[in-house]
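Protein chains: 2
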Amino acid sequence: MDISSTFDNMDTGLTQDRPVQMSSFYKEIEPVDGAGNHDVVNNVTIPASGASDPRAQNSLQQSWEMNFQEAAIYLQEGENNDKFFTHPRSAHALSAYLFAHSHLFYVVELLTAVLLMLLSLSEAPAVPFLRLDVYVHATLELLALVMVAFELCMKLRWLGFHTFIRHKRTMVKTSVLFIQFIEAIVVLVRQTSHLRVTRALRPIFLVDCRYCGAVRRNLRQIFQSLPPFIDILLLLLFFMVIFAILGFCLFSANTADHYFSTLENSIVSLFVLLTTANFPDVMMPAYSKNRWSCIFFIVYLSIELYFIMNLLLAVVFDTFNGVEKMKFKSLLLHKRSAIEHAFQLLVSRQRPDGVSLKQFDGLMRFYHPRMTPRDRFLTFKALNHSGAPMLSLQDFYKFYEVIGLKWKARRSGEHWFDDLPRTALLIFKGINLLVKSKAFQYAMYLVVAVNGIWILVETNMLNDGISWTRVVPWSYIIFLTIYGIEVLLKITGLGPITYFSSGWNLFDFSVTVFAFLGLIALAFDMEPFYFIVVLRPLQLLRLFKIKQRYRNVLDTMFELFPRMASLGLTLIIFYYSFAIVGMEFFADVIYPNCCDNSTVAASYRQINVTTGNRTELQEGYYYLNNFNNILSSFVTLFELTVVNNWYITMEGVTSQTTHWSRLYFMTFYIVTMVVMTIIVAFILDAFVFRMNYSRKNREPLDDPEDEKGIVFETEVSQTEALQTLDFYKHTLGVTNLTSLQDMCVALERSGQTSLVFLGRRSRTKSDLSMKMYEEEIQEWYEEYSRTNLQTDGTFHRELDSPDAGATNSIN
Amino acid sequence: MDISSTFDNMDTGLTQDRPVQMSSFYKEIEPVDGAGNHDVVNNVTIPASGASDPRAQNSLQQSWEMNFQEAAIYLQEGENNDKFFTHPRSAHALSAYLFAHSHLFYVVELLTAVLLMLLSLSEAPAVPFLRLDVYVHATLELLALVMVAFELCMKLRWLGFHTFIRHKRTMVKTSVLFIQFIEAIVVLVRQTSHLRVTRALRPIFLVDCRYCGAVRRNLRQIFQSLPPFIDILLLLLFFMVIFAILGFCLFSANTADHYFSTLENSIVSLFVLLTTANFPDVMMPAYSKNRWSCIFFIVYLSIELYFIMNLLLAVVFDTFNGVEKMKFKSLLLHKRSAIEHAFQLLVSRQRPDGVSLKQFDGLMRFYHPRMTPRDRFLTFKALNHSGAPMLSLQDFYKFYEVIGLKWKARRSGEHWFDDLPRTALLIFKGINLLVKSKAFQYAMYLVVAVNGIWILVETNMLNDGISWTRVVPWSYIIFLTIYGIEVLLKITGLGPITYFSSGWNLFDFSVTVFAFLGLIALAFDMEPFYFIVVLRPLQLLRLFKIKQRYRNVLDTMFELFPRMASLGLTLIIFYYSFAIVGMEFFADVIYPNCCDNSTVAASYRQINVTTGNRTELQEGYYYLNNFNNILSSFVTLFELTVVNNWYITMEGVTSQTTHWSRLYFMTFYIVTMVVMTIIVAFILDAFVFRMNYSRKNREPLDDPEDEKGIVFETEVSQTEALQTLDFYKHTLGVTNLTSLQDMCVALERSGQTSLVFLGRRSRTKSDLSMKMYEEEIQEWYEEYSRTNLQTDGTFHRELDSPDAGATNSIN
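Chains as they are written, first to last, in our numbering: chain A, 3 to 813; chain B, 3 to 813.
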């Protein structure tokens with residue numbers, strides 16, 4: 003690479019080069035030429051072309067700054083998968099956009115939404131210790147809603163009225179806000195809560211938050227999987243109805259069989275049987291009368307539970323598979339188009355097919371304001387594959403792969419203690435070798451295994467229940483000492499940075515620290531912390547490091563964790579809505595001995611029963627599964643999710659209200675079935691993808707290369723470093739150049755002519771997909787350029803339109 | 003194609019051509035040359051080479067016959083996936099082989115095995131109405147075992163002692179037979195059954211049957227999926243133990259909480275919780291004391307049930323996927339190698355790279371003795387792609403694709419009534435157009451829908467249960483008449499053959515016939531047939547034909563049916579073994595009020611309970627879920643498979659026996675979990691494969707082409723037909739030539755010079771796989787020829803060895 007040429011053209015480029023395309027923000031500021039119309043942006047005349055005129059130069063500088071900012075916004079939109087039709091179009095739209103895309107705004111948005119949801123802890127059927135007066139929580143709600151309204155105003159200002167009313171999610175949010183506002187005022191006026199089922203819509207505010215993008219994606223995926231799901235569900239329900247009619251015809255003659263006494267009972271019984279929750283009880287009356295009647299139930303369960311239910315999973319899995327790929331494709335093409343937009347804004351008239359360091363640096367100042375000049379320079383170099391002084395569009399396409407890299411000079415030494423004096427070095431070297439040896443590792447596994455057996459035996463001998471004593475058992479101290487020594491040895495031997503960069507070591511460390519805290523709790527008799535002692539057996543998890551497959555599984559588990567958490571959050575949002583509806587209709591209908599006229603009376607009974615000559619307290623605990631406040635509702639809904647015995651709760655509530663209540667429970671069952679099927683499909687998909695990936699690339703899953711993630715290398719020579727420093731200091735006029743100066747100093751100190759810098763980031767799902775779909779990606783790109791780049795001028799407008807096909811259909 | 007040349011060389015080939023390779027059976031008959039050693043088979047000298055010597059020609063003819071037979075056996079082995087090391091090696095091995103591969107032998111084998119299994123209906127804890135005296139069933143058993151011994155002797159004769167003891171499955175069978183034999187004699191001597199747990203091994207005889215190949219494959223697949231399954235299972239159990247210790251520490255202080263009172267209880271509770279069967283009850287005592295204790299259970303279920311259990315499915319699915327592909331590959335290569343073996347035996351010395359019609363015909367007489375000469379000729383022509391007079395090895399590779407074809411001359415007319423007089427033709431033409439019209443179809447859908455609603459409403463109004471009366475409801479007659487007319491119209495309009503070739507029409511027909519039978523049953527008051535009436539709603543299934551997706555799903559359902567049935571049979575085999583063990587240990591331990599000292603006493607109670615001032619019969623039906631005979635055991639095991647409330651049965655039995663009984667139930671749970679996971683993986687795999695197939699080949703799943711299956715076309719000219727007839731009559735000396743004569747007559751009557759014959763068969767999974775893995779198959783072939791055909795002479799021996807790698811590893 004010809005280094006000097008990179009800087010040569012920059013000096014001239016600074017003063018004379020005009021951008022090919024003007025930012026849409028610019029013309030608003032200087033509408034002198036009457037070129038305020040967005041459509042003629044490419045033909046706008048630059049106010050002045052004389053390089054010597056300082057006013058013209060200033061204006062040129064300003065126009066470049068505008069371009070940098072807009073390019074940065076395009077790239078952000080590409081990264082966040084924001085549709086381009088929400089791109090700000092004017093200067094005051096820009097300020098609103100910048101305000102609505104600051105982290106402060108996001109945090110306030112999130113907090114408001116969370117506050118609104120948390121209010122239900124204190125409203126009408128409140129959690130006892132969180133109860134607030136009506137005027138307090140209604141005022142809080144009004145305040146939060148005003149905040150939401152303010153946020154929406156900012157969005158209106160940024161999007162403009164026309165785009166605003168075309169953006170569906172925002173419109174739904176606005177109307178929900180309107181309703182909530184009126185209701186909150188009504189509550190404040192009447193000083194009492196009315197039947198506020200609309201509170202179930204509150205999660206919409208949360209879902210719309212920037213930080214809840216993952217939840218939005220999950221919801222979209224759920225909705226996309228719905229059509230095939232509903233088809234199979236109808237098949238399922240159809241068989242259910244047919245069997246209900248059959249069952250009614252066959253078993254209604256048996257008076258002891260209340261499960262099939264009417265057609266409605268028959269349908270409800272078979273719906274519950276679909277979940278297996280009333281099996282084998284539902285069969286027993288018929289079975290006791292005629293043994294062959296079991297065939298009816300076996301056939302029903304075989305068809306419904308073992309065939310159609312699995313078909314449901316298969317259909318969802320298949321759709322899910324396709325949707326994941328389509329999503330990846332549309333994201334990829336959206337990013338590509340964002341890069342093209344940005345590139346158009348960065349190239350100058352004189353050099354229309356390249357981006358120079360000056361322009362790249364300008365872009366990065368807006369895109370990543372906290373990036374140091376050194377990193378901006380290194381990123382530029384990492385992008386620059388061809389070795390030309392400018393970045394071509396092909397180079398620039400790699401923008402998103404390079405942008406997240408953390409740069410570091412390649413370490414000369416291997417260990418942290420290489421610079422220490424000789425004696426210390428030898429000691430640490432010894433420790434290092436010790437903790438890296440197989441013998442040490444297996445010795446530790448042995449200790450853990452012995453500890454495990456010890457805990458098991460110890461616990462087994464405490465058959466009369468744990469008695470908390472102040473005496474700390476000596477075994478606890480011994481094992482803890484061993485673990486403590488191990489942690490210390492490892493930290494000193496590997497160095498803290500290497501030690502803590504491994505997930506397993508972090509796990510070891512935290513478990514050991516917790517165990518120490520538990521010891522302290524035991525020693526000082528702090529009762530609330532006893533539970534920490536109980537976490538000791540978690541140490542045993544380390545044993546699973548021994549086998550390859552477990553490492554894979556646990557690694558996959560950690561990789562899946564963020565996505566699982568977002569799925570969990572999605573589930574909680576559904577729970578919230580159902581909990582609100584449940585509380586509005588079923589609060590306080592369940593209490594001990596409430597349901598004596600139902601078939602599930604025994605589960606709610608709390609009485610003394612005389613059985614022969616014994617008297618015992620028969621306690622059915624099911625009155626605890628109620629909708630009396632939102633926390634209880636959540637637990638009740640979790641129990642319904644687990645499905646087992648859910649009909650007891652359903653029948654209990656039904657006996658106290660109307661039999662239409664069953665609709666609530668059945669709907670909830672179907673909704674959770676959808677979400678759970680998606681979760682299963684997701685785990686299946688992720689796992690199979692991972693396995694295929696490692697098979698395709700013939701690399702073991704726990705390849706050390708894999709752990710390091712993505713690595714880029716860039717070599718910087720001494721002259722180049724000095725030139726860059728000079729360029730930043732004089733041409734760009736940057737004042738804070740410590741990072742570049744440090745680089746020069748490091749180069750000098752190393753005594754070599756050049757230094758290699760490594761840029762690292764962790765590997766994402768997107769990187770894996772890139773490799774998996776390598777061949778198809780090329781096809782997608784070709785197809786994309788055929789449709790969008792037929793003539794260079796038109797592609798910009800096509801992508802701007804709100805319904806620009808694949809790119810916008812899924813985001 | 004040059005027809006005449008096909009026949010030209012046959013006349014000469016018949017008398018002079020000697021086979022390149024001699025059959026291993028031959029040398030045993032004529033060991034004159036001392037060439038009885040198998041290894042020099044290729045160098046064996048043919049007894050006589052003079053074409054004029056009648057004794058020599060006879061011997062040559064005989065040697066060809068032997069070759070045909072051995073080639074047919076190779077091809078059969080390829081088709082049945084029998085390993086080549088069990089190939090018969092001598093003349094008396096051949097006769098034993100032929101005996102052991104006759105359908106009569108297979109049927110006897112199957113019947114013996116079924117009889118042995120059915121015996122448990124009559125043995126010790128017998129089904130009441132099937133009870134037999136000890137000497138009767140013991141004698142029957144001895145007889146059956148003697149039959150099995152005889153079968154094994156035949157196998158020994160065919161395989162030879164050396165191969166016999168190396169064949170694992172046969173050795174296991176022999177030792178089981180030995181044990182059973184001794185036990186049966188002991189029973190007969192003591193005149194009473196002892197603890198015969200070994201009866202649980204009886205299914206081995208069934209599994210070894212030729213007709214149960216699918217079950218064997220399933221079992222193999224289950225065993226192959228086991229290693230990863232067990233790994234994840236250990237992870238699952240490990241977390242269970244950790245949580246059991248935690249749970250014991252946290253909840254054992256609560257005296258009301260018997261679920262966690264000891265470590266053993268704690269482990270059992272959490273094992274049951276893994277199946278969700280005791281949720282939420284297991285949580286309730288802790289939850290009622292401290293509401294936050296629900297977190298323990300939520301975390302446990304989230305990790306175990308929603309994460310690791312799904313991981314289990316993912317791992318099995320992944321393994322399953324790989325195994326299916328490997329199985330297909332090994333089958334494909336095994337068939338290829340069988341074809342090569344056969345080809346070697348069919349080629350003659352004079353023309354060593356082609357199989358002539360004469361030799362092919364000779365092969366087919368052994369391979370498919372019932373095939374007509376016409377079909378043999380057409381099959382030969384279908385194989386012959388190149389147009390050369392002989393089949394090359396490349397042609398011959400397609401053997402298995404062509405062999406199942408059913409040949410039929412292409413019909414000149416479209417409808418069955420085309421040959422009728424004009425008036426009748428017009429009427430039938432009208433009916434044909436009517437039944438094919440959309441209007442007619444939708445009218446019928448409407449009728450079915452109305453009928454469905456009618457049944458629903460009618461049933462709903464019978465809220466006091468069905469009362470069987472002699473009066474047939476008029477609606478029943480009306481709808482049945484409409485269906486009857488529809489069936490008649492369709493049969494006359496489409497012709498019976500076209501009508502019954504569609505699965506949907508068959509379904510319509512049988513439901514309608516059943517409904518008629520039901521009507522007769524109603525009219526004549528035949529009580530046991532009432533259930534037929536109840537099948538009426540099945541007509542509604544027809545509605546699902548309307549939508550494409552349902553057709554796909556239902557088609558896939560039918561396609562999966564054979565495989566599902568074999569999986570069901572596999573499950574039943576497991577059930578059988580567990581039922582035997584269950585009966586031996588738990589027969590008669592369960593009875594009403596048996597378990598009053600257990601925690602599940604209520605479910606077994608059958609007493610009058612006084613609740614306040616009411617007295618009611620509280621009937622817990624669970625005493626019906628017992629192991630008192632094999633049928634009850636099967637129902638009980640099915641209930642355990644469905645999992646819900648399974649712990650009630652477990653605890654009931656445990657309270658009456660020892661707490662080691664739990665091992666039985668837990669093992670059963672894990673075994674069914676394996677089988678069920680395989681079933682889910684199988685359905686997922688089959689469905690996703692089907693969807694991918696249709697996506698890859700861009701054809702809708704219900705393409706009419708697809709329904710027709712595989713079609714081959716062959717054109718036969720008049721001269722060719724006559725030549726073939728002549729060839730068969732004079733050169734081969736075949737006497738029964740009606741099929742060929744019919745062909746010649748049909749050709750003459752049609753007045754055309756040639757006639758096209760269509761060979762059809764239904765499409766199999768293997769055909770789909772062939773298309774799916776098109777590219778990979780080529781690679782496999784290349785790899786295969788590299789390893790096996792390096793020198794032409796060695797490949798034979800390599801494949802013969804019992805451990806010949808991929809080909810034999812999975813069959």
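Because the hints were derived from the structure by calculation, they are not lab data. Heads up, a few of these hints could be off.
Any copy, or any two copies together, can satisfy a pair, since identical chains are not distinguished.
Stated by the list, open to error - Cut-off 27 angstroms, straight-line C-alpha distance, at most; resulting in silico cross-link-like pairs (DSSO-like, lysine-lysine):
| # | residue 1 | residue 2 |
| --- | --- | --- |
| 1 | Lys547 | Lys698 |
| 2 | Lys698 | Lys773 |
| 3 | Lys327 | Lys731 |
| 4 | Lys327 | Lys698 |
| 5 | Lys410 | Lys175 |
| 6 | Lys331 | Lys698 |
| 7 | Lys698 | Lys329 |
| 8 | Lys438 | Lys337 |
| 9 | Lys337 | Lys85 |
| 10 | Lys767 | Lys408 |
| 11 | Lys170 | Lys698 |
| 12 | Lys410 | Lys767 |
| 13 | Lys440 | Lys549 |
| 14 | Lys547 | Lys400 |
| 15 | Lys767 | Lys547 |
| 16 | Lys431 | Lys698 |
Tested hints:
Taking the shortest alpha-carbon separations for lysine 547 and lysine 698, only the intra-copy value of 24 angstroms comes in at or below 27 angstroms, while the best inter-copy value is 41 angstroms. In this assembly of identical chains, the alpha carbons of lysine 698 and lysine 773 lie at most 27 angstroms apart whether taken from the same copy (9 angstroms) or from different copies (21 angstroms). In this assembly of identical chains, the alpha carbons of lysine 327 and lysine 731 never lie at most 27 angstroms apart, being 47 angstroms within a copy and 64 angstroms across copies at closest. For a Cα distance limit of 27 angstroms, the shortest separation of lysine 327 from lysine 698 qualifies both inside one copy, at 17 angstroms, and across copies, at 15 angstroms.
For a Cα distance limit of 27 angstroms, the shortest separation of lysine 410 from lysine 175 qualifies neither inside one copy, at 45 angstroms, nor across copies, at 67 angstroms. In this homomeric assembly, lysine 331 and lysine 698 come within 27 angstroms of each other (Cα to Cα) both inside a single copy, at 20 angstroms, and across copies, at 18 angstroms. Both within a single protomer and between protomers do lysine 698 and lysine 329 lie at most 27 angstroms apart by alpha-carbon distance, with minima of 22 angstroms and 20 angstroms respectively. With identical chains, the CA atoms of lysine 438 and lysine 337 are never at most 27 angstroms apart, being 43 angstroms at best within one copy and 52 angstroms at best between copies.
Proximity of lysine 337 to lysine 85 under the C-alpha cut-off of 27 angstroms is restricted to the intra-copy arrangement: shortest distance 11 angstroms within a copy versus 56 angstroms between copies. Taking CA atoms no more than 27 angstroms apart as the test, lysine 767 paired with lysine 408 passes inside one copy only; the shortest distance there is 19 angstroms, against 51 angstroms between copies. Proximity of lysine 170 and lysine 698 under a CA criterion of 27 angstroms is satisfied in neither setting, with 41 angstroms inside one chain copy and 35 angstroms between copies. In the homo-oligomer, the alpha carbons of lysine 410 and lysine 767 lie at most 27 angstroms apart inside one protomer (24 angstroms), although the nearest pairing across protomers, at 55 angstroms, exceeds that limit.
In the homo-oligomer, the alpha carbons of lysine 440 and lysine 549 lie at most 27 angstroms apart inside one protomer (14 angstroms), although the nearest pairing across protomers, at 62 angstroms, exceeds that limit. In this assembly of identical chains, the alpha carbons of lysine 547 and lysine 400 never lie at most 27 angstroms apart, being 36 angstroms within a copy and 50 angstroms across copies at closest. Within a single copy, lysine 767 and lysine 547 get their C-alpha atoms as close as 24 angstroms, which meets the 27 angstroms cut-off; across copies the closest is 41 angstroms, which misses it. In the homo-oligomer, the alpha carbons of lysine 431 and lysine 698 never lie at most 27 angstroms apart, since the shortest distance is 39 angstroms inside one protomer and 58 angstroms across protomers.
The structure fails to meet hints 3, 5, 8, 11, 14, 16 from the earlier list, while all remaining hints are met.
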